[in-house]
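Q: Protein chains in written order, with my numbering: chain E, 34 to 425; chain X, 42 to 129.
It should be emphasised that the hints constitute simulated quantities derived from the structure, not laboratory data.
All the pointers check out, no bait thrown in.
In silico EDC-like links for lysine to aspartate or glutamate, alpha-carbon gap of 16 Å or less:
{"#": "1", "chain 1": "X", "residue 1": "K129", "chain 2": "E", "residue 2": "D227"}
{"#": "2", "chain 1": "X", "residue 1": "K129", "chain 2": "E", "residue 2": "E252"}
{"#": "3", "chain 1": "E", "residue 1": "K241", "chain 2": "E", "residue 2": "E301"}
{"#": "4", "chain 1": "X", "residue 1": "K129", "chain 2": "E", "residue 2": "E260"}
{"#": "5", "chain 1": "E", "residue 1": "K123", "chain 2": "E", "residue 2": "E144"}
{"#": "6", "chain 1": "X", "residue 1": "K126", "chain 2": "E", "residue 2": "E260"}
{"#": "7", "chain 1": "E", "residue 1": "K358", "chain 2": "X", "residue 2": "E59"}
{"#": "8", "chain 1": "X", "residue 1": "K129", "chain 2": "E", "residue 2": "D248"}
Not everything, but these chain X residues come out facing chain E in the computed CB check (under 10 Å):
{"#": "9", "residue": "H84"}
{"#": "10", "residue": "K85"}
{"#": "11", "residue": "G101"}
{"#": "12", "residue": "V117"}
{"#": "13", "residue": "L122"}
{"#": "14", "residue": "K126"}
Chain X residues, not near chain E, derived (Cβ > 12 Å throughout):
{"#": "15", "residue": "P50"}
{"#": "16", "residue": "E62"}
{"#": "17", "residue": "C73"}
{"#": "18", "residue": "V74"}
{"#": "19", "residue": "A75"}
{"#": "20", "residue": "R77"}
{"#": "21", "residue": "D90"}
{"#": "22", "residue": "A92"}
{"#": "23", "residue": "E95"}
{"#": "24", "residue": "C113"}
What you are looking at is a predicted structure, and each value in this text was computed from that prediction instead of being measured.
Virtual Cβ for every residue (Gly too), placed ideally from N, Cα, C.
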Amino acid sequence: MTTYQGFVRTNGRVGIRNHVVAIANCSCANGLINRIATAVPEIVPLIHTYGCSIPGEFERWRRILTGVCSNPNIYGVILVGVGCETYDAKEMGEIIHNLSGMPVFAQIVQEDGGCEAVIEACVQQAKVMLRGASECRRSEVPVSTLVFGTQCGGSDALSGITANPAIGYVSDWVVSEGGTVLLTEMAEMIGTADILANRAVNEAVAEKIRRAIADEEIEVRRWMGPEASRIIARGNMEGGLTTVQEKALGCIKKGGTTPIVDVLEYGEPIGERKGLVIMRGPGYDPVSLTGLFATGAQVFFFSTGRGNPLGFPVAPCIKICSNSKTYAAVGGGSDGDMDLNAGAVVTEGLAPEELGARCVRYLLEVLNGMQTVPERHGLGGALCVFQSSTPL
Amino acid sequence: MKRGIIIDPRDNVGIVLEHVEPGETVDFGGICVAARQAINLPHKMALKDIAIGECIMKYGSVIGYATAPIICGEHVHVHNLDSEKLMK
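Work out the full structure, taking the sequences as your base and the hints as a guide.
A: This is the structure in structure tokens:
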């Protein structure tokens, strides 16, 4: 049994980071979030564009807000509502606290004395939470407490040969340790339904896999028409990928080789599931990472062929490059954009198993607190949430 | 001799691992094919002649079909490969 040093939360879940965050219950309060983060720069502002006036999305937003804020990487939450939005911020705060057991401070502009009073109260509470967070100590926990998120972005034709199989090696290792692995990006499973359904633990899960991929094909056809097979970005094509099926066959390598135990909705809580799980969601990276984090992922392994710089604001995102040319162009290590170079399999004759073992060692260091490149360089970005209808 | 890789023995395209100029030979692990055009890494090269409508195989799976006749050593990409008919 392999262990690492994590932050054990009161609900038993384990964080690998210990952030205090400020987030708007509805995006009309983003200005206050920025003011609070300016006054207390040690907290992480989670900026987003959701929370009201999109009737088709109310339930999803509730799931994502509560899922994100109860992720064990977060020690405490400052939640700011405006008062007139769909959900009451204080009720949402209570739901989050009941899920996580961690400190939540919710304020409502229209009830708590206006913007300046709310900002002042939130700044004071943020300072209290930061003191609480600084008293947290890491302790030894098994890798079975891990929910490991996989992602590929800016793929090229080597992603499916070098970097994604390396992530697959890590996925198999996490599952062998009793942990959980998330595979997502439904658009990048088109053409692989038979392969994935054959790996389902039972026929019910196989059917869920076929249904999820078929739904995605219909959606892609609806938007793309005769161009459906080309739902890959310009950079993917320059990188040698031609069809969505080709991209997908490389994409699914990230999930490794173990049986698929379930299919979850976007941001649906992981619960007690162990093993390889598919989360329904889009291939668009920032949206996908938000869903994975809301589901429960504490860490991401992210492959890229073209050099996508994306990280996540409150979870480490390990960047692995598929080819040595991009790795040389954007750099690696302390002053570059990439954590690891899977291109060494091609250019330096590195054995794929040795690369996989190197990735496992790197993951363990990150779990124990070593910062990834996007964390070191502050490349976390915004909270981007999947949306299938428009604001009214 | 330039380097290439065949992912699965059932594949009819290989991946070039170095930029190749027309006429240069690529060694796909023992199977050697001369390039008919310049091909950038990591793009696909036909390992045999492929008729129009025939399946293109990579990873041992179908990634699409030929939309034009393809000659051994040709670059295989958006100009001669599509998968639109495979989709719902």
